[in-house]
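As they're listed, the protein sequences go chains A and B. Everything in the first sequence is counted per the numbering used here, starting at 1 for the first residue and increasing by one. Everything in the second sequence is counted per the numbering used here, starting at 1 for the first residue and increasing by one.
If you are wondering where the hints come from, they were derived from the structure by calculation, not from laboratory data. It cannot be assumed that every hint is accurate.
[To be verified] Lysine-lysine pairs mimicking BS3-like chemistry, simulated, CA-CA at most 27 Å apart:
(1) B:Lys241 x B:Lys201
(2) B:Lys205 x B:Lys241
(3) A:Lys263 x A:Lys230
(4) A:Lys166 x A:Lys205
(5) A:Lys80 x B:Lys205
(6) B:Lys80 x A:Lys166
Number of protein chains: 2
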Amino acid sequence: MSEDAHARPTRDAPEPLYDVNIPTPTHAERARTLVAQISTGTLCTLALEPEGYPYGSFVTFAFDDGNPIFLISELAEHTKNLARDPRASLLVAEGGSADPLANGRVTILGPCTRVEGNCGSARAAFFAAHPNSRYYADFRDFAFWKLHVDYVRYIGGYGRMSWITKADWRAAEPDPLGPSAADMIAHMNADHADAMVLYCKAFSKATEITSASMTGVDRYGFDMSAMTPKGPRPVRLAFDKPVSTPEDVRAALIFMVKDARSKLG
Amino acid sequence: MSEDAHARPTRDAPEPLYDVNIPTPTHAERARTLVAQISTGTLCTLALEPEGYPYGSFVTFAFDDGNPIFLISELAEHTKNLARDPRASLLVAEGGSADPLANGRVTILGPCTRVEGNCGSARAAFFAAHPNSRYYADFRDFAFWKLHVDYVRYIGGYGRMSWITKADWRAAEPDPLGPSAADMIAHMNADHADAMVLYCKAFSKATEITSASMTGVDRYGFDMSAMTPKGPRPVRLAFDKPVSTPEDVRAALIFMVKDARSKLG
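This is chain A alone, in the form it adopts within the complex (with noise of 0.2 Å):
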């Protein structure tokens, strides 16, 4: 598995205009929390015919511990497929971006076989994800499948990808504000684009900016596109201590403003 390191010319990469080593989602945990957010993408089997052939499929899904759970018929080409040879992956990505290129993606692999026995926590991930599935789970061609993970690719968009070890997946939890970092990032460009600037003027090197937007929240902090006589450039700034619901990142982010603020006099 080696890392990738696109080849482009570096011409004066510039200094970043924040602090580097402040707390960050390991791309581990940016993985997790992607895929928690989704639960329809694209199964790759081993195709019977043409043989051989890797075979793409749309599929739902939902994780049962951190591997995920597909409800499929024994009549689809993907089961077919997964009965003769059970190398599979499983791919999720997100939209958002007008760039489709800049959007986030994940790929997991493993094995992937058919639940045998009492399934009950395969059946309640998938019903809690698809409650309409009920619907067609019991009919006799339909089974529960668990792609079982060994190895998992993250792209993060440009220049963010990694190679991620099982270890690292399991260990890892999805984000607590996932559900809500898309709210929450359009309340705060609609609402409070001062607070921004004032966060970036205080806390960070881009302090000649005219506008800062959010771009991505997490547990850790959060990341602003600021807009320097130079062009835009990232900032990214940390919470006093990790977050883990809307309200916090509301209470950190009001406590910010008197801080900087009062900083800046």
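Add chain B to chain A, keeping to what the hints say.
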């Protein structure tokens, strides 16, 4: 390549409320129409490591004479995979329905190889679909790759699925109404619900209905969901002759309203 037939209890399958022999797009036409509206999907390749695993990755694509074109970096996993084994597939899935499994999707299989020499048509097709790709197309590590279609799997939603032969794929054309169908359907359902009831009563066996809404439109005709005393039922009606523009559809639908009114007296 076997055809599917989900072994569902048929109960008493009701008689269709319309002439099922009227012109209808073939699966090849439906599949070509679907992929023509979408420009991102999942490329499935055979991984180097874990060796032989089917590997799904997010890609942007365009079509050049019915074959998918990719602009990918030799540093990316999928490109390394293809360089060793060209067997590949591309899954293209549409959104739209709240029930994800009711949406259409197409899997295109064939060898995917680097476009050598003058890649004029591939380049032109890709730039037309992804204008921003001009920025990185000439980076040393990027090249155009083409998936040479051998087999196509089409799933149009529940119970509508088949393998499409290479010859049928190549002979079919995307429906000329594809790019405007969603807008036309929204317009008809917002402003002309009464007309749909008239169509059903005059031209189908769905005479005892309380409402009807458009669910699809193509060059040959249009589909509705009609609310009968026994629940929603599908009704399809053909245009007098195939159409090719939204203006043709408008004229045909206005003519059919007049015809329906005179027929219903």
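Fill in: Structure versus earlier hints - violations, ascending order
Of the numbered hints, 4 and 5 do not hold.
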